[in-house]
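Dock the two chains into a complex; use the hints.
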Amino acid sequence: MNDMTPIQTTLKDWETDQEVRWCPGCGDYAILKAVQRTLPQLGADPANTVFVSGIGCSSRFPYYIESYGFHTIHGRAPAFATGIKLANPALDVWLVTGDGDGLSIGGNHLMHVLRRNVNMQIMLFNNEIYGLTKGQYSPTSRVGTTTPSTPLGSVDRPANPCAFALGVGARFVARGFDVSKNLPDVLKAAHAHKGAAFVEIFQNCVVYNKDVFDAFAQPKGAEDRQLWLEDGKPMLFAKETKGLALDLENLELKVVDVVDGDWQAAGVLVHNVKNRSIAHMLVELPFGRFPMALGVLYDDPRPTYEEGVADEIARATAGKNTSLARLLAKGQTWTVEAEGGHPA
Amino acid sequence: MATQVADKPAQTSPTAAPDAVVVRFAGDSGDGMQLTGGQFTLSTALAGNDLATFPDFPAEIRAPQGTLFGVSAFQINFGSREINTAGDAPDVLVAMNPAALKVNLSALKPGGLIIADTGEFTQRNLDKAKYASNPIEDGSLAKWNVLAFDISALTVEAVKDFGLGNKDALRCKNMWTLGLALWMFDRDRQPLIDWLNAKFARKPELAGANIAALNAGHAYGETAELSGPLKKLHIDPVPAAPGLYRTITGAEAVSLGLVAGAQLAGLHMFFGGYPITPASSILHYLVKMKEFGVTTFQAEDEIAAICSAIGASYAGQLGVTSSSGPGIALKGEAMGLAVMTELPLVIVNSQRGGPSTGLPTKTEQSDLYQAVYGRNGDAPIPVISARSPSDVFEVAIEACRIAVEYMTPVILLTDGYIANAAEPWKVPDPETFAPFKAQFLTEKNDGDRLLPYARDTKGARPWIKPGTPGLMHRIGGIEKNQGTGNIDYSPENHQAMTDARKAKIDGIVVPDQDVSLGDAKGRLAVVGWGSTYGPIRRAVDNARAKGLSVSHIHVRNIWPLPRNLGDLLKGFDKVLVPEMNTGQFKTVLRDQLLVDAESLTKTSGQPFQIAELDAAIAKFFDGVPGNEGGAVEPNSQQLPNPVAGYDDGSLKAGGDAQ
Ligand code: SF4
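If you're matching them up, the sequences are chains A and B in order. With UniProt numbering applied, the first sequence covers 1 to 344. With UniProt numbering applied, the second sequence covers 1 to 658.
Isolated chain B (complex conformation) (with noise of 0.2 Å):
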């Protein structure tokens, strides 16, 4: 589940309300908007909307107030339908400061909604936002609907009675602001007036300021809807299969799931990281998982984390390293060694662009041929990718699995969006999963002879630990013999040992590939893999509604690929493959399968607009009925700009973060 951006803007009759709306909260990083974001997260959550969310989190270092490399925003797309991404556009901005607005302005759909703090409308904000006079009153948003007012003269006005200086007075208009957020939706107060109580029990005078402004800004709703362009919208739940749910943002998710695929394996996970945007908060969330048996080691430096990680496989953990494109680069010798001495290992990639340090913070899907071909020598990695934040949960544990069974480095695939976003996510029942417990050798594999080199039916090695008595062996990166391990450059030897090491990895069994959305024949197969899932099923929806004959397969094993899905493609006429990279996944698929597939490529560092998708399926329909609409100007704003940098420290976005 993720969600889209209703195919009009959004409709503000009451009778009339539209499936899904994107909302975008927009303000200085000290405003709190991430906190204002999560918590109307939640209550679209407890509403039982869909949804899908890019939050940019605020850096820890704060960037100077009002400046427009100081603004941090958060943008939810909810509605009464499935939703799969973050959403195109926003109908509604809300924008705290002129800094704000100026950065998310042109994000906004013709006709939107703009919710603006006229207070923070000074001429020194002005000055730091680059206007030159102020858009509320020069007439320049005379496109979109404005709503401006004095929020924080309201804020301040509304808890006065706690007794708070004026500073704090001020922090409460993220509140004021929510609140008024949950009047135009409909929405329940409690659960927030709950949850404020919860965090200020300890200073009741900030609870009660809190509600004070959430209720006012409530109230507020009510007396703008009798004056001017606010209008109360309901949008319904979206049927939703029953049992608990959460939000759960990708970085959670992977943590999680590699923590439960490590518990399935019944093994420890020892977790080698180094800093890097957008990977490190897997290292925050996993290093708060100690009870459930992970070690977290901050290295040295990349090599350093993916070498300590096959340290504590070689004696008996499940070595986990992750980080971005240009760490992944460094831990490629690394990686090598785990193929050769054919040790259990996930690698979790956080793509973002590149090559070099790129676009640390923006999303992209430019690593697939570094996952699939790059290492020195021949080197089959196992690689497996992550559509959504919820879906990276599973991936992870597959990823632990076929590493633990296979004794072998695999590569999980996700990207900078997928980190970041949030999702509803329904809470899994550990119970559910199948156990693939790790097997360790005791004794002899030879009568009284020890093979560390001894296959399995699958081509794995037995796992040996250390401590073990009698089955000391030396392994390491020089070639081995087929069954010793002992160092052997004989011809026949390595001939023999590559194909055993190639054998194992095409063996893989993968699931079968299914289609996502459509028939198993057609005109149109539109291939994705990772985060284009969301945009993709969207539009190719969008084009089945019309009637065309479409259909969505959405590959998650990388490498190996499914085994069908060969067969499966040459049912279709054509195949295009929209990609953030230049057609890499169209590379493999040509290579694999030898189909004549064609790519669509976007690296602007912004996921695909629907319309887009939209736009280059319908190439493919010329002058089928049905099939009417036009070219779609990419649009590279349609999610915020996460300027204000990650909650990994980095600073600034667009280029200092590494």
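Isolated chain A, as found in the complex (with noise of 0.2 Å):
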């Protein structure tokens, strides 16, 4: 997030004239439209937001928001992001990034972009395939996923990314999943973060990887399969019925009834976006035998890296002479006399 003067815009000042090339019935128009809509609400200046991206379906977002926007190579995304925020810190900056995105190729590149904190929104769309490759595992495919590059499942366990991300030291993590009505509420907690925030955003590839986050993200159940975590609210699902308190013998998380709404008799925990204890065990809460934890699972904010950048660079400039001559002329110097050649 940045600090600015709001800016009155709508929807339809973020679109552009570019023709969206994404397969009809993707995961990714709805997630442009909840963009499209955040924004607005943000009071974000086109002229001062930039979207960076990497290679993949995902990576084509840039086009199509009327920003200032940089589809860069696979992966990378992160460092080109790290030096835009350096140069120039008032761009309010979002990354655009996907599971092999960000997640294999530019692995590396997002674990330093958080570690060092540099203030900026991370969307990882997470569709557990490629599909601009045409369908072949990611590193958040489930075992056993069969694609043409793996015709007898994978064999290798999937990567988490908020795990993977509280992991390496983020400090704003959250989870959404495209159709969600929440998505933009998500959105702006990360901007609101000062920081590198970190959402994943579990994305419905319907040629390559279709529906297989059905099993929470449709309607229907839904309320039994998602936990909407709110800072400061019990951790509550199902109507109300159930929620999550904390196994101390074990020291885990546990699904426990809750009779008549008295969710502090039966042990349920007020979430906490301070508490990075709970936020590890949400992110890696096994989904099946506890709902699915979406919305913001921490927010703790650190002094961004840019900050600390500038503040070293005002300390060393402070009181200096900074003539080029001087520079040049830095050490032990000596004069040769016009005549004769001898120095002086």
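No wet-lab data here; the hints were simulated from the structure. Be careful, since some hints might not be right.
[As the list claims (entries may be wrong)] Chain A residues, not near chain B, derived (Cβ > 10 Å throughout):
#1 Ser67
#2 Thr150
#3 Pro184
#4 Glu223
[Said to hold, decoys possible] Listed next, the stretches of chain B that the computed footprint assigns to chain A, with coverage defined by at least 3 CB atoms under 8 Å from CB atoms of chain A:
#5 116-124
#6 240-252
#7 473-487
Where a beta carbon is used, it is the ideal one built from N, C-alpha and C, also for glycine.
In structure tokens, the structure reads:
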């Protein structure tokens, strides 16, 4: 997020004249709309906004947002975005990546942009597949995913994007999914966070990995399978008939029944976005036994990288003579006089 | 300016001083040889000699004392005439311990002088240096002059009044040795004394002890002259243009040149780097120049280093990245993006021996193909090279100019030798450089339309900073429409854009090629680029002194080549291209100019010796009067072997450094 004067815009102002080239029915459309709906609510200024992406279906995103956009190379968007923010910290930077772009080829850069805490919003569209290259399994594909490159099913265990983010030091971790009505709120929270804000967005690749998130994302039965977390609110789901409590014996979370709305009696936890230990448990909750934890899982800002850099530059610069002539003549010098060539 | 060794061994009679001398100081990495060399260099500069040095900076992590791989050395060539290289082989070797003697002895000229500290030639140190018997006593040094005495004891004696412990007293050995060296070359001690007083202003006993050691070493010279092989030599000052001078290494000069270039462009500079030998020192210098509008970023890898620099350029700063061959290879894809998005960027390659990890601490020019041809797709990038530590300052400014004026990445080729070598530098007046202020587009450039890929007369597109109201647009690595920059895969458009990118680079205005030494026509042109400048210049000078029709042509702009180069080379019967690779520039010349260039190649990790080039030139003049002389054995040891690593913290040379 950035301190800025709010600008009046509408959703239309954020649309480009470019023909959107995702497959019909792709979850990316819903995310695009959610972002275009969110930006006016943030008072964002198109001239001051930069969308940076890597390579993949999701990374086409900048072409469809009427702001500044940089579609870079595979996996490296965090590095470009870091350079942009260091050169001009006033820019409001959104980074768009995917599970392959951000966790496979670009895992290293994603780690470091989060660790350094460069102030930007990072949206990782997780569709658990390589879409643009026609359907190979990705680092988030579940074991047994059959694809052209794994015809007998994948055997490697998937990475968990939010656990990764938290593990490398992210100070904001959130989850949403493409068609969720709550997605704009999650994005607003990410924007409000000063520092690197990581948002995993489950995204339906209707062509190569159709409906893999239906287990929790489909509207029917959603309240039983989605736990939307809110700071200061009890961790309740299933129409407030169930909640998450701490299993003190095993030091893990457990699902408890809430009788007559008395969640306190059931020991249901109140979500505290600054509790890093609980956040670690939330990102790791195995879906099935537990609902899918969604919303802002963790939000505890720290000074940003670019502030630290600017600070150092200010300290190093204060009171210094910045003439180039002085710089060039630094160190021990001698003078050769006009005649005779003898040094003085 | 830089240096070469005298053709004959140094004369030791005060009446017949040679016009150049090579001295190598070698000791344990804890002995302060770099400091000794640095102060001797300064004294040499103050005496008005031209000089070139090849320091090998000690590792921050100290190697075990007394071992062969713990040796640190510093070579200086200085003279009363123009000096172009750090010298083929030393005339004088100062060996502070057996390991230093062992590592450096093979380089010493026959008849050269060894000054050795017998106090360190103990059985333990001889064992560590893997000497079966004491070389000072066993006659194995017969072909050299040896001056061996107990410098350790003499130093301890000289500083005994200052109440230092034995260890601290012995630390003054390097000043004692320097005192002797100053006596040998008839130098003024006062600047050194002033420097020591300033350095130890808060520890007067250390200042006093070091000065006492310096004076004792100096006084020892007088005594030794009476009894032994030591003779005082006076090397006259070299005629030099009036002005302010300092010594400079290539790594410093490239850093200063980049800062100057950014200022001339009116831009802040962003430097994205990742530690790698021998390029890290550029990051180390720039990090101390924050007040000149420099932001440095130590990235997580080479790829992030260049990508962050491109991001900064996109946001309106001058992006710079630097590395050596292996790191440059990693940056290749991002360079293509900079070509595609037509953003200014300077990529500095301090070349080292390759392929792969190769020879991290040794020099080579083998990344020329990589620079000129080494990317996917048709991705032309201008390439410019530096010939010496002081030259790289101007070259860096030129790289910035091309990048900004043509909206393009530029590759600047330097090498490990240039990065670490030092030479005197006439400090330029920044006012004398023509500014090339970067222009940013602030309003739509086609009526009410924005065309991010409209081109100016140079073929450059406008630079549009994000944050500029009303100019929102999208760029990326996918082929773009000629004007709007929107995605456009159409055949005609890709053809047009490929042509436009090529035409822009081909059309870069580079200065006409001049002849560095000799005539514009003749029998043989020796064409060089990069750090071979020094030895080629000396060898061509030698050949011309023999009356041979040889000219030296030194090419700075590798891509595009100077437009008159083809015609110029047609004026010569033969073209010889000496390079520290297997003939890469020769290939470019043949490809671009259809010239029958012949190669002289060397890939030992060491610069050319002048003698090697003398011999190669001589072959073109068989039977020509004046062209006498025989074949030359290549000497792989003519420069100090940087066994102790570099100041970037890379460990011992030879293989560990990355
Ligand atoms: S391949 Fe999948 S992710 Fe890509 S655009 Fe089509 S549906 Fe969307």
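Here's how the hints hold up against the structure:
Look at Ser67/A: its CB is around 5 Å from the nearest CB on chain B, not clear of 10 Å, so calling it non-interface is violated. With a minimum CB-CB distance of about 26 Å to chain B, Thr150/A clears the 10 Å threshold, and the non-interface call stands. No beta-carbon of chain B is positioned within 10 Å of the beta-carbon of Pro184/A; the least distance is around 22 Å. Non-interface call for Glu223/A relative to chain B: holds, since the shortest CB-CB distance, roughly 40 Å, exceeds 10 Å.
Three residues within the 8 Å Cβ limit are the bar, and the region 116-124 of chain B against chain A gives 0, so the coverage statement is violated. Remark: the region 240-252 of chain B is confirmed as covered by chain A, as 8 of its residues place a Cβ nearer than 8 Å to a Cβ of that chain, reaching the required three. Residues of the region 473-487 of chain B lying with their CB closer than 8 Å to a CB of chain A number 8, which satisfies the three-residue condition for coverage.
Hints 1, 5 from the earlier list are contradicted by this structure; the remaining hints agree with it.
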